[in-house]
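Could you put together the complete structure from these sequences and hints?
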Amino acid sequence: MKRELHAEWTKLRTMSGSGRLPLAAVLTVVLTVALSAAASAAVTCPAIGCDQDPVRLSLTGVHLGQAAVAMLAVLAIGGEYGTGMIRTTFTAMPRRAVALSAKAAVLAGGTLAVGTVAVLGSVLAGRLILPGGGFVPAHGFPPLSPADGPTLRAALGSVLYLVLVALLSLGVAAAVRDAAAAIGTVLGLLYVFPLVILMVSDPAWQLRLWQVSPLNAGLAIQSTTPLPLSPGAGLAVVAAWAAAALLTGGLLLRLRDA
Amino acid sequence: MSVATVYRSGLRAGRDGFAQLVRAEWTKFRTVRGWVIAMTAASLIIVALGLSYASGNRSTCGQGPVEVACPAPPVGPDGEAVTDGFFFVHRPLPAEGGITVRLTSLTGIITYPPPDHDKIVPGLVPWAKAGIIVKENTRPGSAYAALMVTAGHGVRMQYDYTHDIAGRPGRVSAASPRWLRLTRTGDTLTGYESADGRQWAKVGTARLDGLAATVRIGFFVTSPSDLTVKRSDLGGTIEQARFTQATGVFDHVSVQGTAPGEWSGGNVGNAGTTDWERHHQATGVQESGGTFTVTGHGDIAPQTDGQPIERPLTGVLIGLIVMVVVAVTSMTAEYRRGLIRTTLLADPRRGRTLAAKAVVIGAVSFAAGLAAAAVAVLAGRPILQANGNYVLPVSTFTEVRVIAGTGVLAALAAVFALALGTLFRRAVAAVITAIALIVVPYILATASVLPDGAAQWLLRLTPAAGFAIQQSIPEYAHVLGHYVPAAGYFPLAPWAGLAVLSAYTALALGLAVVLLRRRDG
Numbered sequence: 013m014k015r016e017l018h019a020e021w022t023k024l025r026t027m028s029g030s031g032r033l034p035l036a037a038v039l040t041v042v043l044t045v046a047l048s049a050a051a052s053a054a055v056t057c058p059a060i061g062c063d064q065d066p067v068r069l070s071l072t073g074v075h076l077g078q079a080a081v082a083m084l085a086v087l088a089i090g091g092e093y094g095t096g097m098i099r100t101t102f103t104a105m106p107r108r109a110v111a112l113s114a115k116a117a118v119l120a121g122g123t124l125a126v127g128t129v130a131v132l133g134s135v136l137a138g139r140l141i142l143p144g145g146g147f148v149p150a151h152g153f154p155p156l157s158p159a160d161g162p163t164l165r166a167a168l169g170s171v172l173y174l175v176l177v178a179l180l181s182l183g184v185a186a187a188v189r190d191a192a193a194a195i196g197t198v199l200g201l202l203y204v205f206p207l208v209i210l211m212v213s214d215p216a217w218q219l220r221l222w223q224v225s226p227l228n229a230g231l232a233i234q235s236t237t238p239l240p241l242s243p244g245a246g247l248a249v250v251a252a253w254a255a256a257a258l259l260t261g262g263l264l265l266r267l268r269d270a
Numbered sequence: 297m298s299v300a301t302v303y304r305s306g307l308r309a310g311r312d313g314f315a316q317l318v319r320a321e322w323t324k325f326r327t328v329r330g331w332v333i334a335m336t337a338a339s340l341i342i343v344a345l346g347l348s349y350a351s352g353n354r355s356t357c358g359q360g361p362v363e364v365a366c367p368a369p370p371v372g373p374d375g376e377a378v379t380d381g382f383f384f385v386h387r388p389l390p391a392e393g394g395i396t397v398r399l400t401s402l403t404g405i406i407t408y409p410p411p412d413h414d415k416i417v418p419g420l421v422p423w424a425k426a427g428i429i430v431k432e433n434t435r436p437g438s439a440y441a442a443l444m445v446t447a448g449h450g451v452r453m454q455y456d457y458t459h460d461i462a463g464r465p466g467r468v469s470a471a472s473p474r475w476l477r478l479t480r481t482g483d484t485l486t487g488y489e490s491a492d493g494r495q496w497a498k499v500g501t502a503r504l505d506g507l508a509a510t511v512r513i514g515f516f517v518t519s520p521s522d523l524t525v526k527r528s529d530l531g532g533t534i535e536q537a538r539f540t541q542a543t544g545v546f547d548h549v550s551v552q553g554t555a556p557g558e559w560s561g562g563n564v565g566n567a568g569t570t571d572w573e574r575h576h577q578a579t580g581v582q583e584s585g586g587t588f589t590v591t592g593h594g595d596i597a598p599q600t601d602g603q604p605i606e607r608p609l610t611g612v613l614i615g616l617i618v619m620v621v622v623a624v625t626s627m628t629a630e631y632r633r634g635l636i637r638t639t640l641l642a643d644p645r646r647g648r649t650l651a652a653k654a655v656v657i658g659a660v661s662f663a664a665g666l667a668a669a670a671v672a673v674l675a676g677r678p679i680l681q682a683n684g685n686y687v688l689p690v691s692t693f694t695e696v697r698v699i700a701g702t703g704v705l706a707a708l709a710a711v712f713a714l715a716l717g718t719l720f721r722r723a724v725a726a727v728i729t730a731i732a733l734i735v736v737p738y739i740l741a742t743a744s745v746l747p748d749g750a751a752q753w754l755l756r757l758t759p760a761a762g763f764a765i766q767q768s769i770p771e772y773a774h775v776l777g778h779y780v781p782a783a784g785y786f787p788l789a790p791w792a793g794l795a796v797l798s799a800y801t802a803l804a805l806g807l808a809v810v811l812l813r814r815r816d817g
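Residue numbers (the working numbering), protein chains in the order written: chain G, 13 to 270; chain B, 297 to 817.
Treat the hints with care, as some may be off.
[As the list claims (entries may be wrong)] Residues from chain B that keep clear of chain G, each with C-beta distances beyond 12 Å, as calculated: (1) G306; (2) V332; (3) A391; (4) V417; (5) A471; (6) T486; (7) E583; (8) T628; (9) V696; (10) V704; (11) A789.
[Said to hold, decoys possible] Sample of chain G residues at the chain B side, in silico, Cβ under 7 Å: (12) A51; (13) V55; (14) P58; (15) M83; (16) A104; (17) M105; (18) A192; (19) L199; (20) P206.
[As the list claims (entries may be wrong)] Derived contacts from chain B toward chain G, CB cut-off under 10 Å, selection only: (21) T610; (22) I617; (23) A723.
Worth flagging that the hints you see were computed from the coordinates, not collected in a lab. Because the structure is a prediction, the values reported are computed rather than measured. The beta-carbon is built from N, C-alpha and C at its ideal position, and this holds for glycine as well.
What follows is the structure, given as C-alpha cells:
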C-alpha cells in the first residue's frame, strides 16, 4: 500500500506537467475565501436580534469551493482515462481496490490540507469583515474565533465536508470514466437538490429531500442554530453518499477490469 | 535545371460554403450516440421534473371542517389575476361628471405585527388607501380609475389594477387634509388634488377603453394585508400575511353632473369576516352631517398569489447541466482525439469552423430546450389546475416568451459552454467554469444563506441573469410583496437578463475565435 500511495501522490503532484494540483488547490482556496468574504460583506446586522448566523455566513464560500475540490477529484481518475494513463496505472498496480484506495487516501489528505486553509481563511475573513456590517458584541455577536465550540465544529465540519465531496467525486468519476460527464453528475448532485427542495410544496417531502441532499444535510454542520438534522448526522449523510459512490466505482472497476 | 510542375487534381473542387461546414458539424454531432442520448435525456429530465412538480402540488382551502377547492380570483380588464376588495360608497353615474371630496383622516390597525406577534396595534401599512373611484360596476375585476391618498406613498392615481401614477407625497391629517377630484369625459378619467379645495393640480389621466355608459362613482377605503417574511431552515422563505384595516374620514362630498339616487355602501369582493371585524370594528360607512367615516380592508391591485406558468420549469437547471457537458465535450473531444487537426485542415478558417459548431450545438440545444419547456408548461398547467392550484393567467405573448425564451436560454448556455471548451481545451475545467457561472449563481441566489440584496446582484452580473426570461409575473411597485429571486422575481427585466447572458456568450465566443487563430488550433 505504501508504494501505491507514493505513486498516487507523485501522479497527483505532477499530473500533465502543467501542475493541476496547485491550480485546483489555489482555486479552492480563492473561490471559498472570496465568496465567504463577499457574503460576509453583503450581510448587515443593524440591530439586536437580526436573523443571521455569522458562522454559517462566513463559511458560505464552501458552496463554491466544493466545485474546485470536485474538479481535482474527478481529474485524479478521469484524467487518467482521458490520456490512457489508466492502463499504465493498472499494469503497475493490478489490484484495483488497492489502487483506488490509494487514490482516495492521497486525495483525502490533499483536500484536508487545502480545505483547512480555505476554511480558516474564510473564518478569518469573516472575523475581519463581519464587525463592519454590525455583527458586533453589542448586537450579540462576539468576534468569530476558532476557539469557540460551535465555530470550531462548523469549521472542522466544513473541512470534512470538502474531503467527503472529494471522495464522492472520485467514486463517481471511477464509475463514469469520462471526466466531463463525471463532473456534470457530481455538480448536478450537489447543486440540484437545494432547488428541487424549493420546488416541492409538501413539507414532508421537503424535509425528506433536505435530509438526503448532500449539500443541505452536509452543510448543516455549519449552522450554529438547530436544524432538522444534527450536524453529525448531516455529515453522515454525505459520508454515505461518498461511500456509495466509492463502492460503486470500485465494484465497476473490478467488473469491467478498468 | 528541372522545371517543377504544380500538381492539379482533376477532381472538381467541392463547395466549401458555410452550409457545408454546418452540415459537417451536424454529422459529427448526430453520429455520436452519447451526445444524442444526453440531449434527449436533458429534455426528458426537464419534462419529468416539471410534470412531477405539477402533480405533486396540491392546494385546497378550508371551509369549516371540509377542504374545498380554492375560489379563483377575479380577472382584470387586461387578463391578469387581481385582488379587488374594498368598502365602496357609491351611486350610479349615467353620463359624464365627477366627484370631489376632502379626506381629513386615515387611521387603522395592524394585527399581530413583529417582533412579538402578540397584539393588535394601531397603525397603517404603507399601501393602505382611501379615496375616490369610478368603477364600471361592483363586480370584482371590473375596470376602474381611482384617486387616493395612501398611508406611506402620498397621493396616487391608479387604474385597471396594474397602473400607478404618483402624486404629491405626504400623509393626511386634520391639519393637512387632501382634496381629491376625479372627472369622467367619455372613456377618459382625470384626477386632481388640492390642499385647500381651490388650487388644483392634475395628478394624471387614464383611458379606460370601452367603459360602460353608466358607471359607479363614489369613495372607498381599503388596506392590504401586512407581510412578514421568515427564513426557512430548509432554504427559501415562509411568508405570512396578516389582516389589517383602515378607516378614512371624508367630508365636503360633492358630485358634478347628474348622478341620481342616494349613496349606498357595500363591500366589493370581500368574503368572510375576521374576529376583529365581528367584535371591534366592522367594515362599513357611518354618516353624520355630511361627514362619512368609511372602514375597509383588502386591496385593489394585481394578484401575485398562485402558481406562475414557469414554475414547472425549475428542472431546466438540471437539463442545462447536461447540455453544458455535451456542448463542452463536442469541442474538447476533438482536441482529445486529435480530430481538431482534420477539422481545421478541412476548413482552415478558424472563425467559420467555430461558428458552424456554435450553430449546430445552439440549434440542437434550442430545440431540446424549446420542446421540453413547451411540454412542461403546457402539460404542467392542466395538472396543476386539476390539483386545485390557481395558475396565474398571462398573455399568449408572455407564454410564448417564457417557452421560446427557455429554448434561447439553453442555446446560449450551450454556445457559452462550447466557447469555454475551446478556450480551455479541457473538458473538466470548461464544465466547471460553465456550471460555476450559469448554475451556481442561480442556486446561491435562490437557495442559500445569501441576503436578498446580494442575491439580486448575483443575478444582475453573472450569466445566470438569463433565467429572467422565464419570469411571467412582473414585480408591481404598488403592491407589497416579497420580490426576491427565491420567489421567482429577477432583478432584471426578462429581455435585459437574456441580454446579459448573450453578452457573456458573445464575449466567450469572440475570445475563443481569437485564441483559436493565435494558437492555430
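Now for the hints, and whether the structure bears them out:
1. Every C-beta of chain G lies more than 12 Å from that of G306 of chain B, the closest at about 41 Å, which supports listing it as non-interface.
2. No Cβ of chain G approaches the Cβ of V332 of chain B within 12 Å, the least distance being about 14 Å, so the stated non-interface status holds.
3. With a least CB separation of 51 Å from chain G, A391 of chain B remains clear of the 12 Å interface cut-off, as annotated.
4. Residue-level check passed: V417 of chain B sits 18 Å from the nearest beta carbon of chain G, beyond 12 Å.
5. For A471 of chain B, the requirement that its beta carbon stay farther than 12 Å from each beta carbon of chain G is met, with the minimum near 32 Å.
6. Look at T486 of chain B: its CB is around 43 Å from the nearest CB on chain G, clear of 12 Å, so calling it non-interface holds up.
7. The Cβ of E583 of chain B sits about 45 Å from the closest Cβ of chain G, beyond the 12 Å cut-off, so the non-interface label holds.
8. With a least CB separation of 7 Å from chain G, T628 of chain B falls inside the 12 Å interface cut-off, contrary to its annotation.
9. Taking the minimum C-beta to C-beta distance to chain G, about 23 Å, the non-interface status of V696 of chain B holds against the 12 Å cut.
10. The claim that V704 of chain B lies off the interface holds: its Cβ sits roughly 21 Å from the closest Cβ of chain G, which is beyond the 12 Å cut-off.
11. In this structure A789 of chain B is separated from chain G by more than 12 Å, as the shortest Cβ-Cβ distance comes to about 23 Å.
12. Using the Cβ-Cβ criterion of 7 Å, the hint placing A51 of chain G at the interface with chain B is satisfied: the shortest such distance is roughly 6 Å.
13. Annotation: interface hint on V55 of chain G holds; nearest CB of chain B at approximately 5 Å, less than 7 Å.
14. For P58 of chain G, the interface hint is violated, the least distance from its beta-carbon to any beta-carbon of chain B being 12 Å, above 7 Å.
15. Taking 7 Å as the C-beta cut-off, the interface hint given for M83 of chain G holds, the closest approach to chain B being about 5 Å.
16. Interface hint status for A104 of chain G: violated, as the beta-carbon distance to the closest one in chain B is roughly 23 Å, over 7 Å.
17. At its closest, the beta carbon of M105 of chain G sits 23 Å from a beta carbon of chain B; the interface hint therefore is violated under the 7 Å criterion.
18. Interface restraint check: A192 of chain G against chain B, minimum CB-CB distance 4 Å, threshold 7 Å, status holds.
19. Residue-level restraint check for L199 of chain G holds (minimum Cβ-Cβ distance to chain B is 5 Å; threshold 7 Å).
20. Interface restraint check: P206 of chain G against chain B, minimum CB-CB distance 4 Å, threshold 7 Å, status holds.
21. Interface restraint check: T610 of chain B against chain G, minimum CB-CB distance 5 Å, threshold 10 Å, status holds.
22. A least Cβ separation of about 5 Å between I617 of chain B and chain G falls short of the 10 Å threshold, and the interface hint therefore holds.
23. A least Cβ separation of about 4 Å between A723 of chain B and chain G falls short of the 10 Å threshold, and the interface hint therefore holds.
Checked against the numbered hints above, the structure violates hints 8, 14, 16 and 17; every other hint is satisfied.
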